[in-house]
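Novice: Sequence:
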Amino acid sequence: VASVPKDGDYELSFYFRAGHSWYARYKSQTYYLNVTSSQGTFPIEIQPHETADGWVHLGRFNFKKNKPAVVQLEDEGSGYLIADAIRWEFVE
-19 VASVPKDGDY
-9 ELSFYFRAGH
1 SWYARYKSQT
11 YYLNVTSSQG
21 TFPIEIQPHE
31 TADGWVHLGR
41 FNFKKNKPAV
51 VQLEDEGSGY
61 LIADAIRWEF
71 VE
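For the sequence shown, the residue numbers in the working numbering are -19 to 72.
Note that these hints are calculated values from the structure, not bench results.
Mixed in with the good hints there might be a few duds.
Here are the simulated DSBU-like cross-link-like pairs (lysine-lysine), alpha carbons at most 30 Å apart as the crow flies [as the list claims (entries may be wrong)]:
1) 44 to 7
2) 45 to 7
3) 47 to -14
Just the calculated beta-carbon pair ranges, DEER-fashion [stated by the list, open to error]:
4) 72 to 48: 18 to 28 Å
5) 19 to 60: 15 to 25 Å
6) 22 to -13: 17 to 27 Å
7) -9 to 23: 10 to 20 Å
8) -7 to 19: 12 to 22 Å
9) -13 to 60: 28 to 38 Å
10) -14 to 59: 20 to 30 Å
11) 68 to 12: 16 to 26 Å
12) 10 to -13: 26 to 36 Å
13) 40 to -17: 25 to 35 Å
14) 10 to 34: 15 to 25 Å
15) -19 to 25: 13 to 23 Å
In this text the structure is predicted, and so the values were computed from the model without any measurement.
Idealized CB from N, CA, C, for every residue including glycine.
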């Protein structure tokens, strides 16, 4: 749960670390996220085997300063779920 500094649209990205370490063999085949904005809740799926290390674009969402901004990683994967960061970029 986050608070945005001002009303408006934000581009959201999820930092995904595909990697080749021990956990890479056991990570989930699908990551399920829910983004809750001022316009409702939007389900998003990320397929790790189709994603390289780096920022994965989640979409553009509208948030209000006085309402919670939520990005939730669901515990519904088939293996390890490894999360790093969410990037919030205000769009003018």
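Novice: Each of the hints needs a verdict: does it hold here or not?
Specialist: Structure-based check of all given hints:
Distance check on the hinted pair: residue 44 and residue 7 sit about 34 Å apart at the alpha-carbon level, beyond 30 Å; violated. Proximity of residue 45 to residue 7 is assessed by CA-CA distance (about 35 Å); at most 30 Å being required, the pair is judged violated. Simply put, residue 47 and residue -14 have alpha-carbon atoms about 10 Å apart, close enough for the 30 Å limit, and the pair holds. With their beta carbons about 23 Å apart, residue 72 and residue 48 fall inside the hinted range of 18 to 28 Å.
Take residue 19 and residue 60: their Cβ atoms lie about 32 Å apart, and the range 15 to 25 Å is violated. At about 18 Å, the beta-carbon gap between residue 22 and residue -13 stays in the expected band of 17 to 27 Å. Against the hinted window of 10 to 20 Å, the Cβ-Cβ separation of residue -9 and residue 23 comes to about 18 Å, which satisfies the hint. Taken as a hint, the range 12 to 22 Å holds for the pair residue -7 and residue 19, whose Cβ atoms sit roughly 19 Å apart.
Taking the beta carbon of each, residue -13 and residue 60 are about 37 Å apart, inside 28 to 38 Å as hinted. A hinted range of 20 to 30 Å is violated for the C-beta pair residue -14 and residue 59, which are about 38 Å apart. For residue 68 paired with residue 12, a C-beta distance near 20 Å keeps the hint of 16 to 26 Å intact. Under the hint 26 to 36 Å, the C-beta atoms of residue 10 and residue -13, about 33 Å apart, fit the expected range.
Checked against the given bound of 25 to 35 Å, the beta carbons of residue 40 and residue -17, roughly 19 Å apart, lie outside it. At about 18 Å, the beta-carbon gap between residue 10 and residue 34 stays in the expected band of 15 to 25 Å. Roughly 21 Å separates the CB atoms of residue -19 and residue 25, a value that falls within the hinted 13 to 23 Å.
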